[in-house]
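Enquirer: So the chains spell out like this:
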Amino acid sequence: MQLDDLYRRVIMDHYKNPRNRGKFDNDVLTVDLNNPTCGDRISLQLIVEDGIVKDARFTGEGCSISMSSASMMTEAVKGLTFEHALQLADRFSSLMKGEDVQFDELEDIEALSGVNKFPARIKCATLAWNALKKGIQES
Amino acid sequence: MNPALIKEQFPILNQEINGHPLVYLDSAASSQKPRKVLDALKHYYEWDNANVHRGVHTLGSRATDDYESARERVARFIGAKHTEEIIFTRGTTTAINLVASSYGPSVLGEGDEIVITPMEHHSNLIPWQQLALKTGAALKYIPLQPDGSVKLADVENTVTSKTKIVAMAYVSNVLGVVNPVKQIAEIAHRHGAVMVVDGAQSTPHMKVDVQDLDCDFYAFSGHKMCAPTGIGVLYGKKRLLEAMEPIEFGGEMIDDVGMYESTWKELPYKFEGGTPIIAGAVGLAAAIDFLEEIGMDEIHRHETKLAAYSIERLSEIEGISIYGPREREVGLITFNLDDVHPHDVATVLDASGIAIRAGHHCCQPLMRWLEASATARASFYLYNTEEDIDRLADALIQAKEYFK
Chain A
1 MQLDDLYRRV
11 IMDHYKNPRN
21 RGKFDNDVLT
31 VDLNNPTCGD
41 RISLQLIVED
51 GIVKDARFTG
61 EGCSISMSSA
71 SMMTEAVKGL
81 TFEHALQLAD
91 RFSSLMKGED
101 VQFDELEDIE
111 ALSGVNKFPA
121 RIKCATLAWN
131 ALKKGIQES
Chain B
1 MNPALIKEQF
11 PILNQEINGH
21 PLVYLDSAAS
31 SQKPRKVLDA
41 LKHYYEWDNA
51 NVHRGVHTLG
61 SRATDDYESA
71 RERVARFIGA
81 KHTEEIIFTR
91 GTTTAINLVA
101 SSYGPSVLGE
111 GDEIVITPME
121 HHSNLIPWQQ
131 LALKTGAALK
141 YIPLQPDGSV
151 KLADVENTVT
161 SKTKIVAMAY
171 VSNVLGVVNP
181 VKQIAEIAHR
191 HGAVMVVDGA
201 QSTPHMKVDV
211 QDLDCDFYAF
221 SGHKMCAPTG
231 IGVLYGKKRL
241 LEAMEPIEFG
251 GEMIDDVGMY
261 ESTWKELPYK
271 FEGGTPIIAG
281 AVGLAAAIDF
291 LEEIGMDEIH
301 RHETKLAAYS
311 IERLSEIEGI
321 SIYGPREREV
331 GLITFNLDDV
341 HPHDVATVLD
351 ASGIAIRAGH
361 HCCQPLMRWL
371 EASATARASF
381 YLYNTEEDID
391 RLADALIQAK
401 EYFK
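Line by line, the protein sequences are chains A and B. Quick note on numbering: our numbering labels position 37 of the first sequence as 37, and the sequence is numbered without any gaps. Quick note on numbering: our numbering labels position 30 of the second sequence as 30, and the sequence is numbered without any gaps.
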């Protein structure tokens with residue numbers, strides 16, 4: 001087991017300099033999700049218009065994997081149609097199963113492939129994506 | 001006692017994890033099992049297994065003897081006055097739920113009170129929450145001191161003549177404090193309330209005498225004290241248990257079954273509906289034999305020493321926060337490293353073969369009180385050594401470096 005397989009430089013960069021961290025001022029679609037087994041929390045805000053994710057921000061508490069994943073997810077889905085965003089979420093699930101998938105939308109996401117070797121941490125990585133799916137369902 | 005020799009009796013501990021010898025520091029979540037317990041389970045299934053209390057055949061008698069002598073063993077271990085005060089359950093959670101579901105509604109009504117503390121494990125918190133919601137009773141919390149301990153004056157100020165139940169952990173699974181449950185039972189009794197003690201974290205680690213504590217109910221789990229998962233105990237004072245109604249109905253617990261009404265067996269059987277956890281009880285008795293051969297006081301002394309050593313070693317690490325009082329008699333230490341989330345700490349430690357717990361430890365209200373969303377916890381048992389703590393301290397320093 002190599003720690004560097006999990007904590008790649010790209011992940012640490014998103015953890016220490018999270019993109020899209022914060023809240024929108026106006027009243028927008030908000031999804032609060034937590035991981036009851038470990039205490040991770042995310043609050044995801046989406047601005048949606050005509051079936052497109054216009055913008056996304058998040059706040060929350062959690063480990064490097066959950067927070068970097070949220071940073072990458074919000075970065076990747078901006079401007080995507082719901083269909084495309086959901087398809088991306090599915091591809092992320094495949095990545096967590098160890099499948100060889102590409103993310104041309106944001107290559108950084110591929111750095112999370114190492115999480116697959118750490119079964120206890122998969123739920124950390126998927127938290128933000130589950131919030132996205134819930135948000136799109138609710139919109 | 002020699003922990004290195006004790007360690008050899010736990011086959012699981014003799015392995016490498018990620019290329020390093022395993023250091024198991026998560027016994028407060030679940031302990032490992034010695035060969036003696038594993039052998040007892042194997043022997044039971046290879047020689048004695050049958051259902052209890054009904055077989056005329058030899059195996060039926062042997063299984064019944066095994067099961068009932070385990071009950072006697074438990075009664076002696078915790079100093080119960082009567083063997084029938086020992087009810088086998090699935091664990092602490094089931095035991096506390098039994099008290100809340102059966103005893104609770106018989107004494108509580110609107111305006112009455114249940115008193116607990118914010119440090120309770122969810123298993124000694126949610127059953128009382130639910131009971132309060134169902135009966136209209138108020139759930140009150142004894143405030144904690146800044147170091148997480150409970151002051152008797154605060155108990156006096158919280159318990160009133162309306163209080164019917166006081167429930168508390170003997171030992172906190174996060175803060176490592178030992179609550180003065182004997183004195184608190186005395187306060188509860190003075191106000192006409194019963195005292196329920198969550199013994200999940202005390203029973204494995206120190207001598208417990210339920211008559212000396214004078215608690216009314218005492219619950220604990222086997223798996224935290226070298227026994228298998230799925231076996232636990234509810235002790236209750238005989239006169240209280242006798243007056244209580246069963247909450248699970250079916251085989252084993254009946255006296256006479258009519259078409260429309262039935263009557264129950266005597267104690268303890270009326271609370272043990274269905275085929276009981278026979279092998280679990282056999283394993284628990286073997287675990288008690290194992291622990292008592294070493295000596296509960298001896299185990300307690302060893303863990304107190306390890307706790308002091310771990311506080312000394314971990315305090316040297318820059319940027320560490322340790323929760324709970326500095327002086328402690330319990331072998332567990334809950335902490336956080338600045339700028340490294342406890343999950344990341346646990347993963348980095350696992351890469352070095354060290355198993356610790358990270359998360360909220362089934363204590364969400366306490367985590368809020370500590371103003372931490374999650375913490376890391378190392379917990380020690382009779383098989384841990386100072387060398388294990390050295391490895392923990394070194395790995396924590398590495399984790400800090402790694403996340404710099």
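Honestly, the hints are just simulated from the structure, not real lab data. We put the CB at the ideal spot given by N, CA and C, even for glycine. Please note: incorrect hints may appear among the correct ones.
[As the list claims (entries may be wrong)] Restraint-style ranges between C-beta atoms, simulated for each label pair:
hint : chain 1 : residue 1 : chain 2 : residue 2 : range
1    : B       : GLU8      : A       : ARG21     : 46 to 52 Å
2    : B       : ASP147    : A       : PRO36     : 23 to 29 Å
3    : A       : ASP104    : B       : GLU8      : 53 to 59 Å
4    : B       : ARG301    : A       : LYS23     : 51 to 57 Å
5    : B       : THR229    : A       : SER93     : 37 to 43 Å
6    : A       : PRO119    : B       : LYS207    : 55 to 61 Å
7    : A       : ASP104    : B       : ASP339    : 51 to 57 Å
8    : B       : LEU59     : A       : LYS97     : 53 to 59 Å
9    : A       : THR81     : B       : LYS134    : 34 to 40 Å
10   : B       : GLY295    : A       : ASN17     : 51 to 57 Å
11   : B       : HIS122    : A       : PRO119    : 48 to 54 Å
12   : B       : ASP212    : A       : ASN17     : 43 to 49 Å
Enquirer: Would you pick out the hints that fail for this structure and give their numbers low to high?
Expert: Of the numbered hints given earlier, those the structure breaks are 5, 6, 7, 8, 9, 11, 12, listed in rising order.
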